[in-house]
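Enquirer: Chains as they are written, first to last, in this note's numbering: chain A, 1 to 375; chain Z, 1 to 375; chain D, 1 to 375; chain Y, 1 to 375.
Hints are computed from structural coordinates only; laboratory data are not their basis. All values reported here derive from a predicted model rather than from experimental measurement. The beta carbon of each residue, even a glycine, is placed where N, CA and C say it ideally should be. Among the hints, a few may not be true.
What the hints assert, rightly or not - Cβ-to-Cβ under 7 Å is the rule here; a few derived chain D residues that face chain Y: (1) A163; (2) C167; (3) S173; (4) P178; (5) L191; (6) T367.
Said to hold, decoys possible - Now the stretches of chain Y that chain D is said to cover, found in silico as 3 or more residues with beta-carbon under 8 Å: (7) 25 to 39; (8) 144 to 150; (9) 169 to 181; (10) 211 to 219; (11) 222 to 230.
Number of protein chains: 4
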Amino acid sequence: MRIVVIGAGILGASTAFHLARSGAAVVVVDHAHAGRATAAGAGIICPWVADAPEPDFYRLYAAGAAYYPTLLAALGEAETGYRHTGALCVSDSSDALDAIEALARRRAAAAPAAGEIRRLSPAEARRRFPPLRSDFAAVQITGGARVDGRRLAAALLRAAEAAGAECRPGLASLSLHPGGAPLVWLDGEALAADAVVVTAGAWAPALLRPLGLALAIAPQRGQIVHLHLPGAATGEWPVILPPGSHYLLAFDDSRVVVGATRETGAGFDHRLTAGGMAEVLAEALRVAPGLADATLAETRIGFRPIAADGLPMLGGAPGVPGLFIGNGLGPSGLTIGPYAGALLAALALGETPALPLDRFAPLRDVTPQRSAALR
Amino acid sequence: MRIVVIGAGILGASTAFHLARSGAAVVVVDHAHAGRATAAGAGIICPWVADAPEPDFYRLYAAGAAYYPTLLAALGEAETGYRHTGALCVSDSSDALDAIEALARRRAAAAPAAGEIRRLSPAEARRRFPPLRSDFAAVQITGGARVDGRRLAAALLRAAEAAGAECRPGLASLSLHPGGAPLVWLDGEALAADAVVVTAGAWAPALLRPLGLALAIAPQRGQIVHLHLPGAATGEWPVILPPGSHYLLAFDDSRVVVGATRETGAGFDHRLTAGGMAEVLAEALRVAPGLADATLAETRIGFRPIAADGLPMLGGAPGVPGLFIGNGLGPSGLTIGPYAGALLAALALGETPALPLDRFAPLRDVTPQRSAALR
Amino acid sequence: MRIVVIGAGILGASTAFHLARSGAAVVVVDHAHAGRATAAGAGIICPWVADAPEPDFYRLYAAGAAYYPTLLAALGEAETGYRHTGALCVSDSSDALDAIEALARRRAAAAPAAGEIRRLSPAEARRRFPPLRSDFAAVQITGGARVDGRRLAAALLRAAEAAGAECRPGLASLSLHPGGAPLVWLDGEALAADAVVVTAGAWAPALLRPLGLALAIAPQRGQIVHLHLPGAATGEWPVILPPGSHYLLAFDDSRVVVGATRETGAGFDHRLTAGGMAEVLAEALRVAPGLADATLAETRIGFRPIAADGLPMLGGAPGVPGLFIGNGLGPSGLTIGPYAGALLAALALGETPALPLDRFAPLRDVTPQRSAALR
Amino acid sequence: MRIVVIGAGILGASTAFHLARSGAAVVVVDHAHAGRATAAGAGIICPWVADAPEPDFYRLYAAGAAYYPTLLAALGEAETGYRHTGALCVSDSSDALDAIEALARRRAAAAPAAGEIRRLSPAEARRRFPPLRSDFAAVQITGGARVDGRRLAAALLRAAEAAGAECRPGLASLSLHPGGAPLVWLDGEALAADAVVVTAGAWAPALLRPLGLALAIAPQRGQIVHLHLPGAATGEWPVILPPGSHYLLAFDDSRVVVGATRETGAGFDHRLTAGGMAEVLAEALRVAPGLADATLAETRIGFRPIAADGLPMLGGAPGVPGLFIGNGLGPSGLTIGPYAGALLAALALGETPALPLDRFAPLRDVTPQRSAALR
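Turn these sequences into a full structure, and let the hints steer you where they fit.
Expert: Below, the structure written as structure tokens:
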């Protein structure tokens, strides 16, 4: 069976990996668009405290986190950028922490991957993350982890290639066979395939439009800042989750990543803005004033693909047999992506995915009925 | 009449400007792809010494240069990045210079824009371009000029907007109306139009493929280096054309631009390579050893759209009424682009263009029958 | 008469220019230290509203501004980066503006260079500086101006060279002749001189220490951000002075400069910090929320030389005949520097400076007796 | 015993480490000058094939390489940037390789650290370093290694601090006590010390000049290029030594370092030049054409301190009791530096160094009597 995957972010790379491991002949086509969400993203894996009221979505989110050990074992290599550091939800309000703790305990009871839930005093919290504000106590979720999107996607692609997949750089187009099946064009050549999986993130709507498909996905810009703390042994520092959508996250090399804006309506405007930078830094310093003297080392811009209802898109395209779509993971892409790739691979192979995906139909009506606040 | 132009490089910007000035309701859609040829290019305007054996092409090329004064007058503003500095063809072979001089005189006789043709001694040549090799004499073409692609395209767009055009950032898609006319999709919206002009450069084939059109255009990568010579008053330095396809070119701010590689088969690989940099610098220092101590200030990468036969594409798309295509200007885009935009605008408005365009049919057979060496 | 000037920031460059114009044989030695204050600084020329309670200092400050037309006429070239745009003191408090207006009117009465003082409504203020907060009214000082430190210092050096001065890059040292005169060492060579002028900014204390001189100057770090507003015609935008020490300032090329931190105790730590960037951006957006979508284009770090009492140092070094010191201009260096260079040149030539300099003795006791808040 | 070390490059860091381990109270003062040789350098450890005709120098050079295992054991940590990969001397001339092999065998007989000497066919050489030219055979020196100067110096400083040393950033000055001993000034404070070690590289002459000492050291500029080969597992690639002074060297992260220019007379001019870049790239591609498509990832500039006779300076300063000088390691600094630091530490502690240092007297006559060509 021959399958073309368009887009090699975290979702496409995982899809390709799972397909190649199942014996399919896989071609991955990717254009390396500037601003790919996976390349900018700092991956926090801690769904158990997320504001995710939609049960189907939470189930997928939690399954994504639970899938990591399986995935890492299958990859069998160190260079994934994954690190199991635990996460701290921090606040100066013990009421707020009580609520988070209750939520975390309830969910952790059904999710062994969440590990243990503990309450930390401000001093205990600062011992783990020294720049933290001195009056912030914490709820610790020992199962929390972080992952570097660039390195994990690269590891998945290497593993896919090792299993026989072919990677082709370039800008793909789609048209329809007279029979109604999708046809992938690359550099003037038609790539024959039994199935096509489109995991092209924010660039997917333009790709699918000529097939008559209106994918209701828009780019949500994220501006992310990397700070350098020369000499700090940041390797074991936990993920920090303050109230709201901002976060702090260490990388191994004396680096703390602070993010991120969630800007809609900016289109594909690949710029660092005064307002975005001010927002990200102000929030980071409010939570961790000890970062004030850190060096501004790098900034990243990413366009997260997101639907108006905040829910993923995973499934076949109605009316186009052989076409499968994965999209809309938004800010939760690095948690859900690897697992969603396994689900998409199953779909493309004609198998039944391990989780029902009806709620995530790609061409559903996404008119928002609630304020979607997903991590 | 409502017309959508897709792509706002030099060709699209000029098309939009001419359309808007004619009273059309113009929408320009542009995605600001990294590596746009216009943004990287250093524009040399000197077709009269180019290796351009195809008469139809030379006619277009020369007409492009001759059109500049008209265009600048219509723009009526200083910020175009254009400067009339003259050009020097340089060599240590008097035979080679004799041949260039003869060609230049023959062509200049029919092209007032070429100005005067003069022979310069090595000392005279160096007086005009001090870093030049001391044993290089020159043929001076006083009508030669240079232009900064970024600034000229921006000036054209500003003028188009002033005349009522609307600029919309975003990634467009094309599909066909049931009646066969092209339909432009942007952010989930269909833009109604009487005509669509696609000037999307190297990104056009993927855009047109879903309409069933196979545009035989490929990206030709150019790597370009900007050198800084602190304190040098480079404003009046002429364009330098050594034998071959490399060139040197001053910008006003003590800057010399040296270029460029012409790499095919690299796709949209947006990287500075060791080989490309070595080639560009070695050739620049061979011609102008006085640049050895200049500072490496900036590097640019551009993807010139080029057909296998080296000729432009300008015309309607057969079978798709209302669709017009401009492409394939390759390394001569900044000379031809402004004029070709005027021709495309005429086509889209249903007028007869000032120059016959049969030779430049967009979907012609481009199988190369000669070695295309165009400047 | 042969004079060596060590340090070619704005003060050294001006000293060299005035000396060379007077016929002295001038050698300028400069090491191009990273973080030179002149290269980072955005020069605001508007002393008439500054918090400068010390009369001697205000007299020097105002004389610096008044000297600009004379200086520009003597330079006789356009490339100085100077632009007479006026300045706006902005606030939402009419009481605060009343106080500023009163101060400005009182000082302007004695300072023709200050131009006119006008009260602007919020709408009038925004017309002049569109990103300004809509509830900020302004006091306009029409004599206010801005200057680009890099370009002005370069213009002064070019003019000094044209008048015969010699510029030598390198790291100078000082020792004492047996007779007690200073001796400049450069690359193993002793530079003979009748006088030595040390204008080495924050690097001067280490240079002078071996002579037994304890210059009480410390570096005050400034972090400055340049924002880009594509398409904005910023050339005529006035300088914006909110209450406090921050400021906004346009450059011609669609750029707004926002600054700056005033950090003491950071030594020569040449880094952009999270805290510094957050402070500068937050203050800029508080005053001019219209900048939120501007692009972060560039950042600069400078080490302003400053004494603990906030006053300049201009004069001879006691006990070392032939040694003159200029330093401590702090944040007012681009206003005072050109004029102070003329004063230092007079001192070095044995003439009486146009202004008494007793208050600015370089080796005075600088123990602070008041809070120095100088612009 | 209290000792001040000025300069924290590889030599100063090693001196401080050895002093602190011996129980001395050490203060390291460092200004982090831009262009420090240690930070730019790519360290090749392979003295056994170097053109080092002076026996005293070769003895020191070889002892430096032999000392590495001892040093690494003493440091006891992984983050030193050291990797034992072997080195290949490459050439297409079997005569040239014969000569190198003979030299290497002769020296290796007396130097166990050199490991084994083997002749490799072009195919064997390319297997170890895939981008190598296909007609280059090699002499392999299995004891060759590489080291990252930045990381090793940082590791030495961390270890020195762990042993009690104090690191103070800032710009030091030197003067003489009335009794003749050296006095270190920092930020207006005199640092009392029993001994002062000056390891300030190219910046040392200006520092020592005020004491009446004329250190005949000049900066030799090196321009170095880092290439990135995405996906290449470069960790085990050997050091490549073609004839001449250029070299190629892998870092672990898919990176190949190519260097370096050896430019005298450029002073402290911290710029990447067209000529330097052209030279480094041309030589790299001549030796390893497989690098042509590698990405230009980073460039570094360093100022190696070097004497006219090419020999190090290690010893006390005559006439200034308590002052010790280490300098002039030139391009061999990363091989010799760690060991030379141990020797300097012994001197400063009043002990007899393990190697006689008479030939390396800091203030000797360095008038060149031979062409110094040291690696």
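Enquirer: Now, for every hint given, state plainly whether the structure supports it.
Expert: Status of each hint after checking the structure:
Annotation: D/A163 was flagged as interfacial toward chain Y, and the flag is violated, the nearest CB pair being 24 Å apart, outside 7 Å. For D/C167, the suggested interface contact is broken, since its CB lies about 12 Å from the closest CB of chain Y, more than 7 Å. With a least beta-carbon distance of about 4 Å to chain Y, the hint placing D/S173 at the interface is held under the 7 Å criterion. Checking D/P178 against chain Y: minimum C-beta separation of about 11 Å lies over 7 Å; hint violated.
Taking 7 Å as the C-beta contact cut-off toward chain Y, the hint placing D/L191 at the interface is violated, the least distance being around 12 Å. A least Cβ separation of about 13 Å between D/T367 and chain Y goes past the 7 Å threshold, and the interface hint is therefore violated. Here the region 25 to 39 of chain Y counts 3 residues with a CB under 8 Å from a CB of chain D, which clears the bar of 3, and the coverage holds. Against chain D, the region 144 to 150 of chain Y contributes 0 residues with a C-beta closer than 8 Å to a partner C-beta. That does not satisfy the three-residue criterion, and the hint is violated.
Here's how the region 169 to 181 of chain Y fares: 7 of its residues keep a CB closer than 8 Å to some CB of chain D, so the rule of at least three is met and the hint holds. Residues of the region 211 to 219 of chain Y lying with their CB closer than 8 Å to a CB of chain D number 5, which satisfies the three-residue condition for coverage. Requiring three or more residues with a Cβ within less than 8 Å of a Cβ of chain D, the coverage given for the region 222 to 230 of chain Y is violated, as only 0 such residues are present.
Of the numbered hints stated above, those contradicted by the structure are hints 1, 2, 4, 5, 6, 8, 11, listed in ascending order.
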